[in-house]
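S.K.: For reference, the chains in residue letters:
2 protein chains.
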Amino acid sequence: MYNFEYQNPVKIIFGKGEIAKVGANIPAGSKVLITYGGGSIFKNGVYDQVKASIKGFDVVEFGGIEPNPHYETLMKAVELVKKEKITFLLSVGGGSVIDGTKFIAAAACYKNGDPWDILSKRALVEDAIPHGTVLTLPATGSEMNSGAVITRVETTEKLSFMSPKVLPLFSVLDPETIFSLPDKQIANGIVDAFVHVIEQYLTFPVNAPIQDRFAESILKTLIEEGPKVLANKTDYDAAANFMWSATMALNGLIGAGVPQDWATHMIGHELTAYHGIDHARTLAIVLPGVMHINRNQKKDKILQLGERVWGVLDGTDDERINETIKRTVEFFESVGIQTKLPDYSVPTETIDTICSRFEKRRYKLGEKANIGPEEIRLILENRL
Amino acid sequence: MYNFEYQNPVKIIFGKGEIAKVGANIPAGSKVLITYGGGSIFKNGVYDQVKASIKGFDVVEFGGIEPNPHYETLMKAVELVKKEKITFLLSVGGGSVIDGTKFIAAAACYKNGDPWDILSKRALVEDAIPHGTVLTLPATGSEMNSGAVITRVETTEKLSFMSPKVLPLFSVLDPETIFSLPDKQIANGIVDAFVHVIEQYLTFPVNAPIQDRFAESILKTLIEEGPKVLANKTDYDAAANFMWSATMALNGLIGAGVPQDWATHMIGHELTAYHGIDHARTLAIVLPGVMHINRNQKKDKILQLGERVWGVLDGTDDERINETIKRTVEFFESVGIQTKLPDYSVPTETIDTICSRFEKRRYKLGEKANIGPEEIRLILENRL
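As you go down the protein sequences, you meet chains C and R in turn.
Quick note: the first sequence uses my numbering, first residue 7, plus one each step.
Quick note: the second sequence uses my numbering, first residue 7, plus one each step.
Be careful, since some hints might not be right.
One copy or any two copies: either way a pair holds, since identical chains are not told apart in the list.
Lysine-lysine pairs mimicking BS3-like chemistry, simulated, CA-CA at most 30 Å apart [unchecked claim]:
hint, residue 1, residue 2
1, Lys171, Lys17
2, Lys226, Lys305
3, Lys27, Lys127
4, Lys17, Lys57
By construction, these hints were calculated from the structure, which means they are not laboratory data.
Owing to the predicted nature of the structure, the values given are computational and were not obtained by experimental measurement.
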């Protein structure tokens, strides 16, 4: 395996009823800004549980953070943070609310000019407002990592940043929050977590059996538990296992010491930016194309995925690779996520637009940095 | 799965050559006490690498920390820490040196009387001197957890304490430190890590597939990589995989949200206290007895261990349980660790002594707190 550094100090508070512990985990005397999204927390009882837990704190609220959180919206929250002299952020929601709140936390402390630079120029985040989360949608892993993805509507850009300064102090994971989620969001979460694992696993072998087996453990659990959650959203055990899988999928552990390939995410972000397709759905579209186009470079790991996760044992290497891609696609479709561009009415011209955007960026994608505009075209054409 | 809280902020710095980063991870201006054991670090080059990395720091040294570190020795280090106004502890060694240094860190800051109370009365550790480690022997997992086990020679007691205050700030894991270890220590490390996993896994099912599969991942990797290390100590990949397995075996992750059974450790400690048997060897003696005596309570998980880790698929439940115990014993013996009391010349009277000690303690052991003196007698008699 490669040399690596790994550190993840986020405190996880997991289980039913644990939202009651939020208040005890916020530093005494904090002035708290609760951030949230479209308002589902008012319907499912989460808001009431949070409020009951933080009784006694001085609290301000900021709602309306969108899926693929908008820079424009978040900058309004930054103004509020400054005006109200907020000292603690409490995000209550899914990955978009948490990601957005990470940006608010960093931008409110940014003193070197335009906070947009944090995203566009990867400007150093020197400080951030402390932040805790109450997760209501297992998917992105944002509750236990240092990354965030933000969209600027004005310029159709979807950019990310990472900083240990925006790691949540704590995250409360109550599986019962899943009970009231729409099927669509659960399906998105299953696919998002699945692809996160794949992007840290499906590269080339570096003799790292712990990382490989942990990755396969998460994939197998998602394949097993995801459909149970969809079949019965109030199956607490299935909800809990799905929730813990999604967190473990992207907290840095399985990616420590191994090559990674985030091409699927990078290409998928463009589909969201141009067509507003749900993040997870863009991953389900792009991943099979990446597997197909990079089948030689990824051969050993695709065969391992096939064998250990899907039980694909028979046939030539090429047949097993095809079968492994097919099984992966079938899994996405079985949870209700379509995997082709026409399923989302994406016109073929979008392929040109995306490729020309990557031409300007110069850097290449993939574990060997060899996926440029030409390869991206092949990947997307595979999805027509 | 059960509700749980999980937090592990230790920074892991993993790989060959990484000892060079020690200095950069110690707070500037620290007065450093290097702690070490019998002096192997002078022969294998680790001491020189550490000293080169911390050039510029004011450094004091304290060597001679024994296997099963002695309270009596550690209290001398506490005096030195106070006299020299040490502000940072750097332990360079295996689990005993790291455990001992955790106790030094806590005892030097203990203001409520006799520091022995930290062990004997589980007195609260309110503060501790910051501590970093350079691991030279994969086994105990102490480099990434908050626990320590200390022996008081005077009273033949081996007691433990846990506190987040003694979590290392960082731990450097360089697999090349394994290259010069004696076979005996490597074998001990393999068995120690293996049993750590078993004690968080082999209880009863609570529908926690991520924890189960992660545990099985570590077991399979130890079974695969351990013998490779013994066959060729300079096989870097095998050393690295063994080292990472031992850390993951006891950093809290696989035990989060599941029942645990530390009976093997608790009984094993007594064998070390009375007969000075290496810690790992006591585990190899006791575990098969625990599996045998608790075969009904642990039935589902023993069958799962047999099936998923050892490939035991055929026969009645009872036959499969016997075969799983047999395979586990054979694994220990294959790495050179004997598993019966007579192998270590332990007289049968020791069984009486240990049972009467547990009679005085009143609490019972095991995942259901139902292993008392009578059951401990059966477990040990099974090992004659």
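S.K.: Hints first: check each against the structure and report whether it holds.
M.R.: To see whether the hints hold, each was checked on the structure:
no. : hint              : result
1   : Lys171 <-> Lys17  : both (15 Å within a copy, 15 Å between copies)
2   : Lys226 <-> Lys305 : both (20 Å within a copy, 23 Å between copies)
3   : Lys27 <-> Lys127  : between (38 Å within a copy, 28 Å between copies)
4   : Lys17 <-> Lys57   : within (20 Å within a copy, 34 Å between copies)
Violated hints for the displayed structure: none, as all numbered hints are satisfied.
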